[in-house]
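Assemble the whole structure, with the sequences as input and the hints as a guide.
The sequence shown begins at 4 in my numbering and counts up by one.
Hints in this document: simulated from the structure, not taken from any laboratory.
The beta carbon of each residue, even a glycine, is placed where N, CA and C say it ideally should be.
Be a bit skeptical, because a hint or two may be false.
What the hints assert, rightly or not - Simulated DEER-style distance windows between Cβ atoms:
| hint | residue 1 | residue 2 | range |
| --- | --- | --- | --- |
| 1 | M118 | G59 | 22 to 30 Å |
| 2 | A53 | R150 | 21 to 29 Å |
| 3 | L111 | T71 | 15 to 23 Å |
| 4 | N74 | A49 | 35 to 43 Å |
| 5 | L57 | S90 | 23 to 31 Å |
| 6 | A49 | A91 | 32 to 40 Å |
| 7 | S87 | P141 | 54 to 62 Å |
| 8 | S90 | L114 | 29 to 37 Å |
| 9 | W88 | I60 | 39 to 47 Å |
| 10 | G131 | L57 | 40 to 48 Å |
| 11 | T204 | S146 | 18 to 26 Å |
| 12 | A91 | L111 | 23 to 31 Å |
Unchecked claim - The calculated lysine to any residue pairs, modelled on SDA-like cross-linking and capped at a C-alpha distance of 20 Å, are:
| hint | residue 1 | residue 2 |
| --- | --- | --- |
| 13 | K162 | S208 |
| 14 | K162 | K212 |
| 15 | K43 | T204 |
| 16 | K43 | H124 |
| 17 | K43 | K212 |
| 18 | K43 | D134 |
| 19 | K142 | K162 |
| 20 | K43 | D203 |
| 21 | K162 | T173 |
| 22 | K206 | D132 |
| 23 | K212 | T164 |
| 24 | K43 | R169 |
| 25 | K212 | V165 |
| 26 | K43 | A33 |
| 27 | K142 | S208 |
| 28 | K162 | A187 |
| 29 | K212 | D134 |
| 30 | K142 | D203 |
| 31 | K206 | A171 |
| 32 | K142 | S167 |
| 33 | K206 | R140 |
| 34 | K162 | S146 |
| 35 | K212 | D181 |
| 36 | K43 | K142 |
| 37 | K212 | S167 |
| 38 | K206 | V125 |
| 39 | K162 | R214 |
| 40 | K212 | A182 |
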Amino acid sequence: MTTHAAPEQQTSPQQTPTAEAPVVAPADPAADRAARRAFKPRRMIASSVAALVLIGIGFVAAVEIISTLVNRPVGWLPRDAALSWGSASPWSSPQVLAGAVVLVLVGLGLLALAMRAGRPHVVPVRTGDPDLIIGLRPKGFASALARAAEDVPGVHSAKATVSSGRVAVTAFASGWDDARLTEAVRHAVLVRLGTLEPIDTYKVSVTMKERR
Numbered sequence: 004m005t006t007h008a009a010p011e012q013q014t015s016p017q018q019t020p021t022a023e024a025p026v027v028a029p030a031d032p033a034a035d036r037a038a039r040r041a042f043k044p045r046r047m048i049a050s051s052v053a054a055l056v057l058i059g060i061g062f063v064a065a066v067e068i069i070s071t072l073v074n075r076p077v078g079w080l081p082r083d084a085a086l087s088w089g090s091a092s093p094w095s096s097p098q099v100l101a102g103a104v105v106l107v108l109v110g111l112g113l114l115a116l117a118m119r120a121g122r123p124h125v126v127p128v129r130t131g132d133p134d135l136i137i138g139l140r141p142k143g144f145a146s147a148l149a150r151a152a153e154d155v156p157g158v159h160s161a162k163a164t165v166s167s168g169r170v171a172v173t174a175f176a177s178g179w180d181d182a183r184l185t186e187a188v189r190h191a192v193l194v195r196l197g198t199l200e201p202i203d204t205y206k207v208s209v210t211m212k213e214r215r
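This is the structure we're talking about:
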């Protein structure tokens, strides 16, 4: 088996170099922003864990306070020992400073996790209408691009992977001309990208492999 990797080529879905350019939806920045917001990945697990921890701490604190006010403390927390330690420990105490540093680091870590983009679950496509939002599943999006490569004469099979604004296509053929067939596969994938009209721009790389 021999392989040939073609250099990546970046293209906008509306600028596919083909005479078969599909009819595309008009570019509308408002519609694109609406689609990105609708399909923005959310940190569900991290936010759920943080919320449950805060709810638990608040519940325990509320029970302790209410039970103390009615002179029937439940004793879930070592209140007397905590009060004694707090009244005897100055702000400059190493234990107090270490605890403050830990809390700050945990808070900064949660903020960084919340701000970092998660893994998208769908690929938003352009509609030109902010009230019409459409997304494709990454698996289906990649399969459509792979089928476009398989439609090229001489290609027996193909697979495509999509990640972080990049489309990597691997096509399998036999008795092929490197430059001609590689460019034909890239051309077919670009045409299909233009038809699907994803909002984001993708770099397309093609790798040819020969099977005897």
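Hint check: K206 vs D132, CA-CA at most 20 Å. Holds or violated? violated (25 Å)
Is 23 to 31 Å a correct range for the gap between the Cβ atoms of A91 and L111? Between A91 and L111, where Cβ atoms are some 29 Å apart, the hint holds.
Hey, K142 versus D203, does the alpha-carbon distance stay inside 20 Å? holds (16 Å)
Keeping to a limit of 20 Å between CA atoms, is the pair of K212 and D181 held or broken? holds (10 Å)
Measuring from beta carbon to beta carbon, are G131 and L57 in 40 to 48 Å? Given a distance of about 42 Å, which is inside 40 to 48 Å, the answer is holds.
Pair hint K162 and S208, alpha-carbon separation not exceeding 20 Å: Satisfied, since the Cα-Cα distance of roughly 12 Å is no more than 20 Å.
Holds or violated: are the alpha carbons of K206 and V125 at most 20 Å from each other? Given that 20 Å is the threshold and the Cα spacing comes to 18 Å, the pair holds.
Holds or violated: K43 with T204, Cα cutoff 20 Å? Satisfied, since the Cα-Cα distance of roughly 16 Å is no more than 20 Å.
Within a Cα-Cα threshold of 20 Å, do K43 and D134 meet the stated pairing? Judged against 20 Å, a Cα distance of about 16 Å means the pair holds.
Quickly compare the C-alpha distance for K43 and K142 to 20 Å and report which way the hint goes. Given that 20 Å is the threshold and the Cα spacing comes to 17 Å, the pair holds.
Given the hinted pair K162 and K212, is their Cα-Cα distance within 20 Å? holds (11 Å)
Hinted pair K212 and T164, Cα distance within 20 Å: holds (16 Å)
Violated hints for the displayed structure, listed by number in ascending order: 2, 3, 9, 17, 22, 29, 37.
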